[in-house]
Each structure stands twice: as structure tokens, then as C-alpha cells.
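Student: Residue strings, one per chain:
Protein chains: 2
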Amino acid sequence: MRTLYHPSLQEMSLPTVLYALSDPIRLDIVRRLAENGEQSCGALNLSGPKSTLSHHFKVLRESGVIQTRIEGTQRCISIRNKDLNALFPGLLDAVLHSLDNKNYAELKK
Amino acid sequence: MRTLYHPSLQEMSLPTVLYALSDPIRLDIVRRLAENGEQSCGALNLSGPKSTLSHHFKVLRESGVIQTRIEGTQRCISIRNKDLNALFPGLLDAVLHSLDNKNYAELKK
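Residue numbers (the working numbering), protein chains in the order written: chain A, 79 to 187; chain B, 79 to 187.
Just so you know, these hints were derived from the structure itself, not from any lab. Incorrect hints may have been included.
[As the list claims (entries may be wrong)] Stretch-level coverage of chain B by chain A, calculated; a stretch enters the list once three of its residues show a Cβ under 8 angstroms from a Cβ in chain A: (1) 81-94; (2) 100-106; (3) 168-175.
[What the hints assert, rightly or not] Each computed BS3-like pair below joins lysine-lysine, with the alpha-carbon atoms no more than 30 angstroms apart: (4) A/Lys136 <-> B/Lys160; (5) B/Lys128 <-> A/Lys180; (6) B/Lys160 <-> B/Lys136; (7) A/Lys160 <-> B/Lys180; (8) A/Lys128 <-> A/Lys160; (9) B/Lys160 <-> B/Lys180; (10) A/Lys136 <-> A/Lys160; (11) B/Lys128 <-> B/Lys160; (12) A/Lys136 <-> B/Lys180; (13) A/Lys180 <-> B/Lys160; (14) A/Lys160 <-> A/Lys180.
[Said to hold, decoys possible] Okay, the calculated beta carbon distance ranges per label pair: (15) A/Leu82 <-> B/Ile148: 47 to 57 angstroms; (16) B/Leu82 <-> A/Ala112: 30 to 40 angstroms; (17) A/Asn181 <-> B/Gly115: 17 to 27 angstroms; (18) B/Leu122 <-> A/Thr81: 16 to 26 angstroms; (19) B/Ser132 <-> A/His133: 28 to 38 angstroms; (20) A/Leu122 <-> B/Gly115: 38 to 48 angstroms; (21) A/Glu184 <-> B/His84: 27 to 37 angstroms; (22) B/Lys136 <-> A/Lys136: 27 to 37 angstroms; (23) A/His133 <-> B/Leu124: 30 to 40 angstroms; (24) A/Pro102 <-> B/Ile148: 47 to 57 angstroms.
Think of the CB as a built atom: it goes at the ideal place given N, C-alpha and C, for glycine as much as any other residue.
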């Protein structure tokens, strides 16, 4: 079975995590995972070419934002909440809160 | 006098701001500005080629993270705290707090 790379805490860095979050599709993935917990990639119900989505999952995983668990033919992904909060306390919450911020949402209408 | 582009609140977006912050040098610039308030680019005392630094200032300015004020031959830059907090409350604080987080700093030693 192919093993997927996941960075250790020592390998994670703030610039890399911020970069992983600097894309609307990846932010959408993270928001859905934050709302619903671990899910299979398919269950996320994202639109777009599979290769594009695979790329986004990879960027999120290799930065340490998400972890991927292989179960049979499925890949189940979840946010590495504990690791992110140990290294970057409050960061993910601030990002998710910003996404939902009324002032920001109104501007984007 | 050349006018520098600054995005309006309507033009600012979370992915673009996160991207602007996803670089160690740009994070360093933002940290220094957060600690010391408005400063001339020269007073920031950053090492590296001038063209590289100009690029980083531009990315920060065009995302809406900083504003640049031209004063004579100097460019004075500062963080757009009010605008950032209106759109993305708590985000910049979480980023700066993460940079200084003990757990993270220990790992990077």
C-alpha cells in the first residue's frame, strides 16, 4: 500500500500552512471538514476536475493542515486540529471565523 | 507623483491576504511593523536585495495587508490594522501569536 507523506510537527511551518490556506477551494475543503469532521474525499461533494482536487488535498496534507487515512478504496481526510493548535493556537479558528465574518461576506455578495 | 495601488475593502480577499502572509520575509516585515508601527522601508533594516524586498512590500500592499505613504524620497509603511480587523477579525493577531508561540519556536531551533 502506498504510504502518503504527512509532515511531523518539526517539519511544519507557518508560511507553508498559510500558503496551503491561501486558495478558495482549499479554504472550502477546510471549512467543510471543520463543520463535519472526517470525511471521504468523495463525500465532500466538491465540483471540479479530480486532478485539481487531488492537487488541493495534497497541498493541504503536505503542509500539515489535514491528514489522510486510507480505508479500502477510499481516502478519508480530516483536519489535524491538535497539531495545528499546538503550533499555531487560534490560527485556524481565526481563518474560519474570517471566512464567515459578516463584513467580509457582505462585501463578497 | 506615482500613485501606489491599494485595494479597497471590496477588493480584498482572504486567500490573497493569506498568500501575502505565506512567506518568512513578509511575515518578518509584518511582525516588525506590528511591534514598531509605521516605519520607512529603510528603517526596517532588512537584509536581502532591494528588488526582492520591493517585491515583498508590493505583495503585502496589493493584498491590503500594509499601506504605503510616500514622504519626500521615503516610503513609509504600516499595517492596515483597522481594515484587516474589520474584514478578518483576529486573523493578524493569530498569525503574529503563532509566530511567537513557544511550541513552534522550540521546534524551529
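Student: Hint by hint, say whether it matches the structure.
Tutor: Checked hints:
no.: 1; hint: 81-94; verdict: holds (count 7)
no.: 2; hint: 100-106; verdict: holds (count 4)
no.: 3; hint: 168-175; verdict: holds (count 6)
no.: 4; hint: A/Lys136 <-> B/Lys160; verdict: 35 angstroms, violated
no.: 5; hint: B/Lys128 <-> A/Lys180; verdict: 39 angstroms, violated
no.: 6; hint: B/Lys160 <-> B/Lys136; verdict: 19 angstroms, holds
no.: 7; hint: A/Lys160 <-> B/Lys180; verdict: 16 angstroms, holds
no.: 8; hint: A/Lys128 <-> A/Lys160; verdict: 29 angstroms, holds
no.: 9; hint: B/Lys160 <-> B/Lys180; verdict: 27 angstroms, holds
no.: 10; hint: A/Lys136 <-> A/Lys160; verdict: 19 angstroms, holds
no.: 11; hint: B/Lys128 <-> B/Lys160; verdict: 29 angstroms, holds
no.: 12; hint: A/Lys136 <-> B/Lys180; verdict: 28 angstroms, holds
no.: 13; hint: A/Lys180 <-> B/Lys160; verdict: 16 angstroms, holds
no.: 14; hint: A/Lys160 <-> A/Lys180; verdict: 27 angstroms, holds
no.: 15; hint: A/Leu82 <-> B/Ile148: 47 to 57 angstroms; verdict: 49 angstroms, holds
no.: 16; hint: B/Leu82 <-> A/Ala112: 30 to 40 angstroms; verdict: 37 angstroms, holds
no.: 17; hint: A/Asn181 <-> B/Gly115: 17 to 27 angstroms; verdict: 24 angstroms, holds
no.: 18; hint: B/Leu122 <-> A/Thr81: 16 to 26 angstroms; verdict: 44 angstroms, violated
no.: 19; hint: B/Ser132 <-> A/His133: 28 to 38 angstroms; verdict: 31 angstroms, holds
no.: 20; hint: A/Leu122 <-> B/Gly115: 38 to 48 angstroms; verdict: 43 angstroms, holds
no.: 21; hint: A/Glu184 <-> B/His84: 27 to 37 angstroms; verdict: 20 angstroms, violated
no.: 22; hint: B/Lys136 <-> A/Lys136: 27 to 37 angstroms; verdict: 29 angstroms, holds
no.: 23; hint: A/His133 <-> B/Leu124: 30 to 40 angstroms; verdict: 33 angstroms, holds
no.: 24; hint: A/Pro102 <-> B/Ile148: 47 to 57 angstroms; verdict: 33 angstroms, violated
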